[in-house]
Amino acid sequence: MSLAVAVWLSAFAGAVPQSKNFTGAPETFHARAQVATEAARGDVYVDIHVDKYTPEKEREAVLKALQTGGESAFVDAVRKAPIAGQITIGKQTFTIRWAREVKDDKGRTITLVTEKPVYFVGAGLPDAKSRAGYDVAVVQLKMDPAGVGEGTMAAAAKVKPGEPTGVQVDDYGSEPVKLLSVTRKIQ
Amino acid sequence: MLTRALTVPLLCIAASVGIGAQSSKNTAPESFRINGQVTDTPGGVAATMTVQIDKYTPDAEHESIVKALKSGDNKAFLDVLRKAPVVGALKMNNRSIPIRWARQQPQGDNRRIAVMTESPVFFFGAGAVDAKPTAGYDVGVLEFTIDSVGLGKGTMAAAAKVKPGGPTGIEIEDYSGKRIELMTVTRNKS
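Residue numbers (the working numbering), protein chains in the order written: chain A, 9 to 195; chain B, 15 to 204.
Next up, chain A with everything else stripped away, as it sits in the complex (with noise of 0.2 angstroms):
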């Protein structure tokens, strides 16, 4: 699945400029991801936690690896820029190497990248689909300024240069991951 939402792009982007005065990291945030079918259904608690927003330095040499290198490039930038945070599904964390904020008039949207796959959606059928080239994950939370938001998660993507806006993100998974009931925890 394709994932090539205006919003993302954006974030990734940098389209609205990050605010200097943005009182959010350090943050954690909880949510219940969903992934549903005609048929089934599973619900799995997570707690985001972001250290810090990644510096506006750091973002472009990450899009510039993308841009010029292609998802391998990507991969490698993410994986060596510092750490920003984890992502916490019960026993299991996964590492955010990229997080953005990007504030407008209805609150916040939020992109996180983590330096690996959380999970494959769907690599439990028997004629799953190979698993090589989804190597991380990207969450979109868009909070509310009460803290209160929603999200989705591909827990398994494919970051590449596409057009129209110079970015794509495809997804392992054939239903997307839907983050209910997000919040931001009370420091």
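No lab work stands behind these hints: they were computed from the structure. Wrong hints could be hidden among the right ones.
[Claimed, not checked] Derived lysine-lysine pairs resembling BS3-like cross-links, with alpha carbons at most 25 angstroms apart:
#1 A:K99 to B:K89
#2 A:K124 to A:K60
#3 A:K137 to B:K146
#4 A:K137 to B:K192
#5 A:K99 to B:K146
#6 A:K88 to A:K60
#7 A:K193 to A:K60
#8 A:K137 to B:K84
Could you slot chain B onto chain A? The hints should help.
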């Protein structure tokens, strides 16, 4: 690695050659609507499926499957199983997996039913980054009890390795190590 509690019921049914229940009132063709679920610390999965049984496996075919299984040759067992006539199907979403073995056994007013699919239904947990290989988990096994009204419950190994061994003679090893509980089993009206 987990050897499932399916072991004893399956052997009971495997040993019940020529049981009278094969001719009881509630028998094939019949279908069941099943709700299964797995819960774990951070979450859970729920699924709906239908088991259609066109006929129960006759004694002769049943005996040859059990004989192949007890020989310890997994390939031979799978060959015999997959050459056996299709006796039904497990339907989930838009998938239909042939059932090659189905048996029932009376238990008072109830029936204990076991079915085996010719291939795995789902490798639960295989989407994890560090998931173990799926090789060798070649079938799916369901076992459930149904009462005279047509309601019941049971368990499922969605991807199973069936092999001889253990105190009962047959062991079922589930890929996931997670017990899929068949919370509600409902016999559909014909």
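Checklist entry - Which of the listed hints are not met by the structure? => result 1, 8
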